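Work the whole structure out from these sequences, hints included.
If you're matching them up, the sequences are chains Z and S in order. Sequence positions in the first sequence follow this note's numbering and run 1 to 157. Sequence positions in the second sequence follow this note's numbering and run 1001 to 1479.
Just so you know, these hints were derived from the structure itself, not from any lab. Heads up, some of the hints might be wrong.
[What the hints assert, rightly or not] Derived list of chain Z stretches under chain S, where covered just means 3 residues or more per stretch with a C-beta under 8 angstroms from a C-beta of chain S:
(1) 3-12
(2) 41-48
(3) 96-107
(4) 121-129
A quick note: this is a predicted structure, and the numbers were derived from the prediction, not measured. No residue lacks a Cβ here, since even glycine has one placed at the ideal position from N, Cα and C.
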Amino acid sequence: MRCSMCGADFEVEAAARSCNGCPLVGNCGLIRCPSCGYDNVPESRLLGWVRRMGCRRKRARGEQGLKWVGPLTLADLPPGQPARVVGVVNEKEGGRHTQKLIAMGVFPGARIEMRRRSPGYVFQIGFSQFAVDADVARAVLVQVDEGRGLHAKRSFN
Amino acid sequence: MSTQLVQYAPAIERSITEISRLLRGGYPLSTRAVALLLLAGDDEIRAAVEARDQAISSRIDELVAKVRSSQSQPLAYMLAAQRQATVERLLPRFVRIKAGRAVGFGERLSQAMMNPLTGVPILVAALAALYAFVGVLGAQTLVGWLEAGVFVRFFNPWVDALVNRLIPWPVIQALFAGEYGILTLGIRYAVAIILPIVGTFFFAFAIIEDSGYLPRLALLIDRLFKTIGLNGRAVIPMVLGFGCDTMATIVTRTLETRRERVIATVLLALAVPCSAQLGVIFAILAGRPLALLIWAMIVIGIFLLVGFLAARLVPGERAAFYMELPPLRLPSLSNVLVKTYTRMEWYLREVLPLFVLASVLIWLGQITGLFSTALTALDPVVRWIGLPHEATPAILFGFFRRDYGAAGLYDIQGMLNGVQLTVAAVTLTLFVPCVAQAAVMLKERGWKIALGAIAFIVPFAFVVGWGLSRLLIWLRLPL
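Right, dumping it as C-alpha cells:
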C-alpha cells in the first residue's frame, strides 16, 4: 500500500514489524508506515468488497478484469472442480501449515476436489474429507485436472 | 542391514549418507533414521545430537540448511511425499478399491449441516432437543422425582431421625444431618440435583459426539469464533463445557496456540455454564420464558464481547482451522452408554468428595462463626445486586462449586421474584469457577493467568448483576 503521508510504497507485512513494542500488538486497525511512522487508516473492507464485486461483474461480461498471475491454490478452485496437488507454499506464512498438510495426506499428484467454499473450505482427498480455513487452503498449490473435468459445475479459466 | 524400501530423491539420499557418516552410533534408532529426522527438522532429536557433540551438530545444521535451500518444497514435506509414493506403489498389490458410493442421504445431511442457511436451523433444533432432554427431562422430571420424592420425603427424615438417635451431641448431629449436613445436603445435592442433570447431558453429548456432528458444527462456527480469537476447533471444549467446565478446561490442551488456550480458559470460566448449573437455571426459569431469554442473551452477549476484547488484547498468532470430517454415523447404543457411564463415574468421583468437603467446611464455619462472618461480609454485595439476604448462602456456596451454588438457589426460588431470579441466574453463571475448575486452571495455565482470570471474573459478575438488576427494575418487564 501507499502511505498517505509521505507517499512511500510498502508491504503491509513490513508495517506489522514496526508495531513491536506497542501494547496493542497490531490489533489497533491502523497500519504504520515503516518510513515515516504515520498511522494510515486501511481501506474499508466494505469498499474493498464492493470493488471486487465490480471486478467480478466486469469479468463476467467478458471485459478483462484483474488478470490472475501466480500459481493456483486450493482456495481458487470452484466446488466440483477436480484437481491435482502440485505442492505446498514454502514461504514463511504458508510453511506454518506443512505438518498439518502432511497429516492430511496432501501430497503431489494426489487427486483433490473442492466440495464447498462457504462458510469454510471442505475438500475431498482419497477417502477423507477435511474442513480448513482460507489460510490453510491458500497453502496448497494445485493444478486443474483437465481430463476429469466432466463433473465441474462451472469451467475454470 | 534392512533393505531400504523407500528411496528418496538423489540429492536427499546423498545428504542422508553424509549425515549418517557424521553421526557416531549409539542412538536407539539407526543412523539413517536419525539423519531423516534431522532433515525433517525434528527438534527433539536435534537437541539430543547437540547434547553429544556440538561441533558435529553445527556441521549437520549446515548440511541440512544446504539441502533445504536447494529444494523448492519443505524437506519434511518432501520426505513424507516420497514415503507416501512408496505406499501408493505397494498398495494396489494388496488392496482392491471399489468404486465410490453414490451421493446418499448422509452426504446430503452433512452438506446441510455446514451450509449456514440450513446449518443454523439444524443447530437450533439440536439445542432445542438438548434442552428438552437435559433441561426438561433431566433437570425437572428426574430431579423433581429424586429430590422431592425420594430425598425430602424419605431419605432426609430417616437420616435426621437416625442421627438424632445415635449421636447425642447437637454439634456432631449438625455435621451429618440437618440443614447443612454431609448426608442431607452434600449427598442430596450430588445425587438428587446434579447427577440426573449431568447424566442426561453426558448421554446427549455422547450421541452428538459419535454422530460426527461436532466437526461440521466447528466448520459452521469457525468464522464467528475467529472474531473472538479462537477457531472452529474450539467448539469441542466449548460444547463440552456445557457438561462440565473442569473437563472442558483440560480439553483446551487440544487447541494449537497458547493464545487460544488462554482465551478459551477465560471464556469457559466466565460465560459457559456447566450442565448442572444450566439444568438448575432452566428449572428455576422454566415458567418464565422472558427471563430465560434475557439470561441467554446476556450470557451469549458477554461471551462474545469478552472474547472479542480478549482477541484484541491477548498477543500471539492467529491459529488455523483444520479438521477431518468423518462420515456421519448412527451412534451405537452400547458405545453411548459406556461413554455416559464412564463420564458419570468420573464426575461423581470428582464431585462427591468436594460436596462432602463443602458440607464439612460449612459446618466448621458455622461452629466457629466464620461462616456467619463470611455471610455478613458478602451480604452487602448480594443486596447491592438487588437480591434478598436469603440468597447469600447460595452465592457463598458458589465459591465451592458452581452447581452447588445453583442448587442452593433452587432451594430458595420461592422467595425471589422474576427480576431477582434473573439477576441471580446471570450472576451465578458468570461467577467464579468451582474449586475443581480453579484448580485445573492453575495447573493448566499457571497461577498468573488463573489468578488474573479469577480477579477479573468475580467483580465483573457482580457489576453485571448490579447493572442488570437496575436495568430490569427500570424497564419494568413482566418477568
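Item to check | Hint numbers not upheld by this structure, sorted from lowest to highest | outcome: 1 and 2
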